[in-house]
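Chemist: One-letter residues, chain by chain:
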Amino acid sequence: MDDLEYDVVVIGAGGAGMRAAIEAKAQGARTAIVCKSLFGKAHTVMAEGGIAAALRNVWKEDSWQVHFRDTMRGGKLLNHWRMAQIHAQESPDRVLELEEWGAMFDRTPDGLILQRDFGGHRYARLAHVGDRTGLEMIRTLQDRAVELGIDVLMECTIQKLLTDDGRVAGCLGYLRQSGEMVLLRAKAIVLATGGIGKCWRVTSNSWEYTGDGMAMALEAGADLIDMEFVQFHPTGMVWPPSVRGILVTEGVRGDGGTLRNKDGERFMFWYIPDFFREETADTEAEADRWYDNKKDNRRTPDLLPRDEVARAINTEVKAGRGSAHGGVLLDIASRRSPEYIRSRLPSMYHQFKELADIDITKEPMEVGPTLHYMMGGIRVDPDTQATTVPGLFAAGEVAAGMHGSNRLGGNSLSDLLVFGRRAGLHAAQHANAQRAPGAVDPADVAATERRLAAPLERAGEDPYALHHDLQAVMQDLVGIIRTRTELDEAARQLGDLRRRYDRVGAKGGRRYNPGWNLALDLASMLTVAEAVARSAALREESRGGHTRGDFPNSDPEWGRKNVVARWRDGRIELTTEPLAQMPPDLAAIVGSEPKATEQTAVESTAPAGLGGHR
Amino acid sequence: MTKAPEAGPREVTMRVWRGEDRASGAFADHRVAVDPGMVILDVLFRVQATSAPDLAVRWNCKAGKCGSCSAEVNGRPRLMCMTRLSSLPLDQPITVAPMATFPLVRDLVTDVSFNYEKAKTIPAFRPAPKDADGTRRMYQEEVERVQEFHKCIECFLCQDVCHVIRDHEENKEAFAGPRFFVRLAALEMHPLDTNDRIELARAKHGLGYCNITKCCTEVCPEDIHITDNAIIPLKERVVTEFYDPLVWAKRRLLGR
Amino acid sequence: MATMTALRQRTLRRDAWWIEPAFLFVLFSAFVVYSFFAGIANANYFVDPYLSPFYSPCITANCAHLTFGPIVGTWWNLAPAIWIVGFPLSFRLTCYYYRKAYYRSFFQAPAACTVPDARSKYGGETAFPLVWQNIHRLTWYPAVILVFILALDAVQAFWFPTASGGHAFGIGLGSLLMTVNVVLLALYTFGCHFCRYLFGGRLDRFHLRPIAFRLYSLISALNLSHGRYAILSLVSVGLTDLYVRLLSLGVIVDPRIVFGG
Numbered sequence: 001m002d003d004l005e006y007d008v009v010v011i012g013a014g015g016a017g018m019r020a021a022i023e024a025k026a027q028g029a030r031t032a033i034v035c036k037s038l039f040g041k042a043h044t045v046m047a048e049g050g051i052a053a054a055l056r057n058v059w060k061e062d063s064w065q066v067h068f069r070d071t072m073r074g075g076k077l078l079n080h081w082r083m084a085q086i087h088a089q090e091s092p093d094r095v096l097e098l099e100e101w102g103a104m105f106d107r108t109p110d111g112l113i114l115q116r117d118f119g120g121h122r123y124a125r126l127a128h129v130g131d132r133t134g135l136e137m138i139r140t141l142q143d144r145a146v147e148l149g150i151d152v153l154m155e156c157t158i159q160k161l162l163t164d165d166g167r168v169a170g171c172l173g174y175l176r177q178s179g180e181m182v183l184l185r186a187k188a189i190v191l192a193t194g195g196i197g198k199c200w201r202v203t204s205n206s207w208e209y210t211g212d213g214m215a216m217a218l219e220a221g222a223d224l225i226d227m228e229f230v231q232f233h234p235t236g237m238v239w240p241p242s243v244r245g246i247l248v249t250e251g252v253r254g255d256g257g258t259l260r261n262k263d264g265e266r267f268m269f270w271y272i273p274d275f276f277r278e279e280t281a282d283t284e285a286e287a288d289r290w291y292d293n294k295k296d297n298r299r300t301p302d303l304l305p306r307d308e309v310a311r312a313i314n315t316e317v318k319a320g321r322g323s324a325h326g327g328v329l330l331d332i333a334s335r336r337s338p339e340y341i342r343s344r345l346p347s348m349y350h351q352f353k354e355l356a357d358i359d360i361t362k363e364p365m366e367v368g369p370t371l372h373y374m375m376g377g378i379r380v381d382p383d384t385q386a387t388t389v390p391g392l393f394a395a396g397e398v399a400a401g402m403h404g405s406n407r408l409g410g411n412s413l414s415d416l417l418v419f420g421r422r423a424g425l426h427a428a429q430h431a432n433a434q435r436a437p438g439a440v441d442p443a444d445v446a447a448t449e450r451r452l453a454a455p456l457e458r459a460g461e462d463p464y465a466l467h468h469d470l471q472a473v474m475q476d477l478v479g480i481i482r483t484r485t486e487l488d489e490a491a492r493q494l495g496d497l498r499r500r501y502d503r504v505g506a507k508g509g510r511r512y513n514p515g516w517n518l519a520l521d522l523a524s525m526l527t528v529a530e531a532v533a534r535s536a537a538l539r540e541e542s543r544g545g546h547t548r549g550d551f552p553n554s555d556p557e558w559g560r561k562n563v564v565a566r567w568r569d570g571r572i573e574l575t576t577e578p579l580a581q582m583p584p585d586l587a588a589i590v591g592s593e594p595k596a597t598e599q600t601a602v603e604s605t606a607p608a609g610l611g612g613h614r
Numbered sequence: 001m002t003k004a005p006e007a008g009p010r011e012v013t014m015r016v017w018r019g020e021d022r023a024s025g026a027f028a029d030h031r032v033a034v035d036p037g038m039v040i041l042d043v044l045f046r047v048q049a050t051s052a053p054d055l056a057v058r059w060n061c062k063a064g065k066c067g068s069c070s071a072e073v074n075g076r077p078r079l080m081c082m083t084r085l086s087s088l089p090l091d092q093p094i095t096v097a098p099m100a101t102f103p104l105v106r107d108l109v110t111d112v113s114f115n116y117e118k119a120k121t122i123p124a125f126r127p128a129p130k131d132a133d134g135t136r137r138m139y140q141e142e143v144e145r146v147q148e149f150h151k152c153i154e155c156f157l158c159q160d161v162c163h164v165i166r167d168h169e170e171n172k173e174a175f176a177g178p179r180f181f182v183r184l185a186a187l188e189m190h191p192l193d194t195n196d197r198i199e200l201a202r203a204k205h206g207l208g209y210c211n212i213t214k215c216c217t218e219v220c221p222e223d224i225h226i227t228d229n230a231i232i233p234l235k236e237r238v239v240t241e242f243y244d245p246l247v248w249a250k251r252r253l254l255g256r
Numbered sequence: 001m002a003t004m005t006a007l008r009q010r011t012l013r014r015d016a017w018w019i020e021p022a023f024l025f026v027l028f029s030a031f032v033v034y035s036f037f038a039g040i041a042n043a044n045y046f047v048d049p050y051l052s053p054f055y056s057p058c059i060t061a062n063c064a065h066l067t068f069g070p071i072v073g074t075w076w077n078l079a080p081a082i083w084i085v086g087f088p089l090s091f092r093l094t095c096y097y098y099r100k101a102y103y104r105s106f107f108q109a110p111a112a113c114t115v116p117d118a119r120s121k122y123g124g125e126t127a128f129p130l131v132w133q134n135i136h137r138l139t140w141y142p143a144v145i146l147v148f149i150l151a152l153d154a155v156q157a158f159w160f161p162t163a164s165g166g167h168a169f170g171i172g173l174g175s176l177l178m179t180v181n182v183v184l185l186a187l188y189t190f191g192c193h194f195c196r197y198l199f200g201g202r203l204d205r206f207h208l209r210p211i212a213f214r215l216y217s218l219i220s221a222l223n224l225s226h227g228r229y230a231i232l233s234l235v236s237v238g239l240t241d242l243y244v245r246l247l248s249l250g251v252i253v254d255p256r257i258v259f260g261g
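Protein chains in written order, with the working numbering: chain E, 1 to 614; chain C, 1 to 256; chain A, 1 to 261.
In case anyone wonders, no lab produced these hints; they're calculated from the structure. For glycine and all other residues, C-beta sits at the position ideal for the given N, C-alpha and C. Just to be clear, a hint being listed does not mean it is correct.
[What the hints assert, rightly or not] Straight line, CA to CA, 27 Å or less: simulated BS3-like cross-link-like pairs of lysine-lysine:
{"id": "1", "chain 1": "C", "residue 1": "K204", "chain 2": "E", "residue 2": "K60"}
{"id": "2", "chain 1": "A", "residue 1": "K100", "chain 2": "C", "residue 2": "K172"}
{"id": "3", "chain 1": "C", "residue 1": "K151", "chain 2": "A", "residue 2": "K121"}
{"id": "4", "chain 1": "E", "residue 1": "K353", "chain 2": "C", "residue 2": "K130"}
{"id": "5", "chain 1": "C", "residue 1": "K118", "chain 2": "C", "residue 2": "K250"}
[Unchecked claim] Short derived list, chain C residues pointing at chain A, Cβ under 7 Å:
{"id": "6", "residue": "V47"}
{"id": "7", "residue": "N74"}
{"id": "8", "residue": "P93"}
{"id": "9", "residue": "S113"}
{"id": "10", "residue": "N115"}
{"id": "11", "residue": "Y116"}
{"id": "12", "residue": "E141"}
{"id": "13", "residue": "E144"}
{"id": "14", "residue": "V161"}
{"id": "15", "residue": "M189"}
{"id": "16", "residue": "P191"}
{"id": "17", "residue": "T194"}
{"id": "18", "residue": "N195"}
{"id": "19", "residue": "I212"}
{"id": "20", "residue": "K214"}
{"id": "21", "residue": "P233"}
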C-alpha cells in the first residue's frame, strides 16, 4: 500500500478541485490532487454554456448586485445569502484570472470577453467559448496545475476519510489501474467530488457522479443540507434511447432557440409563474424582440429558470402534447441561419449529427428533462468553505448553500472557481497552522481494506443489476414531481437495495475491474439516494428543484428552513434548521419572498387560460 | 423529425481484446443483442452486464466531450461513445482493441501516462503586460485560430495513430506527438503569449519526426486540422528560425 | 465464446486502405516516366501558338519558341526543358501535400493509418537528406514566377498565326487546356502552406494587420483543397503537354474558332 503525506489533499479534479489545488499550492502547501478519472476528464468538461460573471462587457447596467438578485431569486431565496454575495462579487475576477492563464473566451468587437444570455440572468452575462466553455476552463486550470507542479493521482477512488479525534487525518482509496490501496495523510482535505447523477437513469452526468464526497463527509461527521433539491435540466436528448439524457445546452435557447410542443405551439408562454411575471415577455413578438433589445423588452419565457422549464415540459408531455419519443421540440433551425447555428453551437451540431442523425440547422431537436445537478450537499462556512469537521473543506457541486433550491445556468462554473479558490486558500491556511497531520488509526485502515476486498470474495448480488434497480427507484419515485406515497415507497425499496447490497459480489481481480469499482461506488450512491428521498419526504412544499404533487404550493415557513442530514450510529438522521438571515440592505436588493402561490405546471391548467386556446 | 428505426440485425458479435499484456491476451467473441441508435460503448456495457462483468473499459462522459473511451474499432482509432453501430458492417464481428501505442493495463484500457509526462515539458502561457486601461484585448479573428486547438479533448487518438511512436517505440523519448504540437501551436499563436518555444519544438519535441502523413488529422474526433493548422505552421516557424537562408542572410547583414 | 489470438495481424483494418496509396503510386510513376521522355525528347513541344508547359520558360538558343533570352547559348543542344525542370520538380518534391502522398505510397511510412511502417527504423525529417525538405519555401518563389510565365503562354495561346504572318484572336481546345492548366497551377501554388504562412500565418495579432488577415483567410480557404489542386495541376500539366505533342505529331487536330483570321 502506498503511504503518502501532504499538507492539503484535494479530492476531485473538476473545476473546483483544480482551482482549490492551484490556490493551496500557491499558498505554499504541499498539495496533491486525486481524481477518479484521468486528469482533465472531470465532469466540468461537459459544461457548455458559460461562466456567469457581471463583467459588464456587454451590458453596462449589470453589476454584482443584479447577479446576486438573479441568483437568490432563481434559488427561490433558499440560498445562503453570503455565498450568493461572495459569488456575485468575486466571479468577474475569477474569469479574468483564467485569461491570465491562457483561456480564450469569445470576444466582443472591441476585444473584450463576450457574454451570452442564459436562463434566469437579467443581462447577457456568461463568458463563454462557443458551447464548450467547461472544456476551456478545465484545460486552462489543468495546464496551470501542471505548471505549478502539483502532484496528481489519477484513476484513484477515495473510499474513506480518516479522522483523529474528530479532525481530518487523511484519506484512503484505491488505484483503479492496479487495484492497490493508497493512504494519503493530510492536514487538510478539500472535497470537490461533484454530484450524484448516477443514481438516476436519465442523467447528463458522467460515471464518476456517485456521491462519494457527500457520503464520506456524512460518515466523517459533516452535515448535508438541502438534499431534496435536485435539478432536472429541461433539455436533454431523448432519442435514440442510448443517448437519452445527454445535455443540450441552454445556449440553444440563449441564442434564439424556442421550445414547441408537437403542435408547434410555444407552450412556455402558458407557464410563466407570478414570481417572474414582471420580468418575462408574455407575447411571442416581445420575446423575439428581446434578443436584440433587452432594454425595452422582457425576456422570453424559454429562458425561465430551469426548474420552471423542466416542469413545463413534463406537463406538456403528460398532457399528450409531447413529441414522438416523449419529449418536446427545441427549434433553432427555423429561427437562425445555418452558419450562425454552426458557429455558435458547434458541439450541439456535431452531437445531434453524430448520435441522432439530426441536422439541427434543418430540423428541431427532441428534448426532455434530464437529471443534471445537485443543489444540496455538504454544509460549509460561506467564507471559508470549511465543513463542520475540522480540516475538511468542500467546494463545487458537492457543497451546498450557494444555489438554494435551484441553480441558474452559468452559476456553476463560477461557483467552482470562486469557492474552489476559497476552499484551497483556507485549507492551506488551516494546514499551515497544524504541526503535523493527525494520527491514522490502523484499525480504520484495516476495516476499509476488508470492506474493499469483500465484494471480490463472494459471488453475490450483481453490481450492474443493483445499479439498474437503484436507478429505477430514483427515476420512477424521486423524479420531477414527487408525492408522499412514492417517496415512502422509494425509502422502503432503498432499504431493500441496501440489504441486497450487503451481499454484492464482483467477479475478477482488483486490476481495473469495473464490476468491482461499481460495487464500491454503490455504497455512496445508496447513502445519498436515501438522503435525497427522505429529505424530499420531509419538505412538504414545492420550491425550485423540489416539487411535491401533494404540496404544490411554496410555504414561507419552509422557506426559512434547511433540511439537515447527519450520521448517527450508522444511520441518517434528519432535522430542520433555520436559514441564515439576510442583512436588510441585501434583502432590499432581492425583493420579497413570493407569496404562497402554486408552482407552475404541477397541474396543467395554464393552456386553457390562453384565449380559448383549446 | 421522427426517424424510422434502423434496420439491421438484432444481434452482433463483439470481438473484444481481453488480457493484461499483449503477449498472453486474446480476442474473445461475445454475441449480444442490440437496439437502434446504439454506440460501441453501449454494446460493451451490455457485454459487461451479461457475460463479462470485469471487462475493463475506460469511459466517462459518454457524450464525446471528455476523450476517455479511445480504442481501435475494426482497426480504426475511435471514441467508442461516438461510434454508432449503424456505421459498421454488422454481419461480421466488430473488433475492439486497445490503443496500440500505449502500454496495456487490462483489456481495452491502456496506460496513457506518456502524454501526461510530455505535457509537463511544455513551457506555460506567459502573457504580455496588460493594456493601459487594465484590460486584455484580443479579437475574435485571432482568437478563433487558437480556439480550434483548444477544442482538443485529449483523447490521445492522434498520439495512438501516429506511426512515429506507434511503430517505433524508441522515438517516444524524442517526440512529443501531435497532441502536443497542437498545444505548442496554441501557445505560439496566442496573441498575448511572450514565451518562445520554437527551438524546443524542434530539438526537444521532435517536430522534424513528423512526416505529415496526416493520420492524426484523419482520426481527430474534434475535426482539428492538426497537420495543416498546427504542425505545418510550426514547421514553417522553425524553418524561419533555423533553416531559411534568406532570413539568415538578412540577420547577418542587418546584424541581428 | 470462441477465442482467437490475432494481434499478429498486420492491421485490424477491414476497409480497402491500400487503394489510395496504390493509386498514387501508379499515378506518380506514370507521370515521372512520361515527363522524363517528354522532357528529353527535344521535339514536338511547340505548335504555334501552343507551348508545352514542360518547356516553358524556354530559354535556350536551340528553342523552337523562345520565351525570353536566349540565356543559354547555342552550345546547348539537348532539350531546353532540362534547364527549368528543377524548379517545379523541387517545389512539388518538397510540397507538404506531396510529401504526405509519396511517404505513404512509395516509402510506406505508413501506407495508411494504423498500417505498420515498412521499415523498422524511422527518423522522419530530422536528418540528411530529408531535413532538406525545410527549403520548401525557397522553391515557392520560382514556382510563382512560373505561374506568371505560363499565364502569358496561355494568353498567347489565344492568338493564332494567320496566313499573312500576323496573329488573330481565336479559341482552340488547346487555348482552353492551357488556361485551365495555369488556373489549376495558380490554385495549387497560391494555396501553398508556405504562402499561407508568409501572408499572415506567421502573425499572432491579426487585428493589427487587417489586409494580411484577409489574405490569410483567402489562402486558408485555398489551402483546404491543396492536395486536390496538387493532383489536378499535375494531371493538367501532363495532359497539356500530351495534347501539344499529339497535335505536333499530327495524331489529332485542334478544334478552334479564329476570329478575323
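Chemist: With reference to the structure, classify each hint as holding or not holding.
Modeler: Hints versus structure:
Between K204 (chain C) and K60 (chain E), the direct Cα distance comes to roughly 48 Å. Violation of the 27 Å bound is thereby established for this hinted pair. A hinted pair counts as satisfied when its Cα atoms are at most 27 Å apart, and K100 (chain A) with K172 (chain C) qualifies at roughly 21 Å. Of the supplied pair hints, the one linking K151 (chain C) and K121 (chain A) is violated, its CA atoms being roughly 33 Å apart against a limit of 27 Å. A C-alpha spacing of about 41 Å is found between K353 (chain E) and K130 (chain C), which places the hinted pair above 27 Å, so the restraint is violated.
Only pairs whose Cα atoms come within 27 Å are accepted, and K118 (chain C) paired with K250 (chain C) is rejected, the gap being roughly 35 Å. The restraint placing V47 (chain C) at the interface with chain A is violated, with a minimum CB-CB distance near 11 Å, outside the 7 Å limit. At about 5 Å, the closest approach between the beta carbon of N74 (chain C) and any beta carbon in chain A falls short of 7 Å, and the interface hint on this residue holds. Among the interface hints, the one on P93 (chain C) is violated; its C-beta lies about 10 Å from the nearest C-beta in chain A, farther than the 7 Å criterion.
The criterion of a C-beta within 7 Å of any C-beta in chain A is not met by S113 (chain C), whose closest approach is roughly 22 Å, and the hint is violated. A distance limit of 7 Å between C-beta atoms decides the matter here; for N115 (chain C) the minimum to chain A is near 18 Å, and the interface restraint is violated. Taking 7 Å as the C-beta contact cut-off toward chain A, the hint placing Y116 (chain C) at the interface is violated, the least distance being around 23 Å. Proximity of E141 (chain C) to chain A holds as hinted, the smallest CB-CB distance being about 5 Å (cut-off 7 Å).
Interface restraint check for E144 (chain C): the shortest CB-CB distance to chain A comes to about 9 Å, outside 7 Å, so the restraint is violated. Of the supplied interface hints, the one on V161 (chain C) holds, with its beta-carbon coming within about 5 Å of a beta-carbon of chain A, less than 7 Å. The criterion of a C-beta within 7 Å of any C-beta in chain A is met by M189 (chain C), whose closest approach is roughly 5 Å, and the hint holds. Annotation: P191 (chain C) was flagged as interfacial toward chain A, and the flag holds, the nearest CB pair being 5 Å apart, inside 7 Å.
About 10 Å separates the beta-carbon of T194 (chain C) from the nearest beta-carbon of chain A, more than 7 Å, and the hint is not met. The closest approach between the C-beta of N195 (chain C) and any C-beta of chain A is roughly 12 Å, which is over the 7 Å cut-off, so the hint fails. Interface hint status for I212 (chain C): upheld, as the beta-carbon distance to the closest one in chain A is roughly 5 Å, under 7 Å. Interface restraint check for K214 (chain C): the shortest CB-CB distance to chain A comes to about 5 Å, inside 7 Å, so the restraint holds.
Here the hint on P233 (chain C) is kept, as its CB sits about 5 Å from the closest CB of chain A, short of 7 Å.
In the structure shown, a violation is registered for the earlier hints numbered 1, 3, 4, 5, 6, 8, 9, 10, 11, 13, 17, 18, in ascending order.
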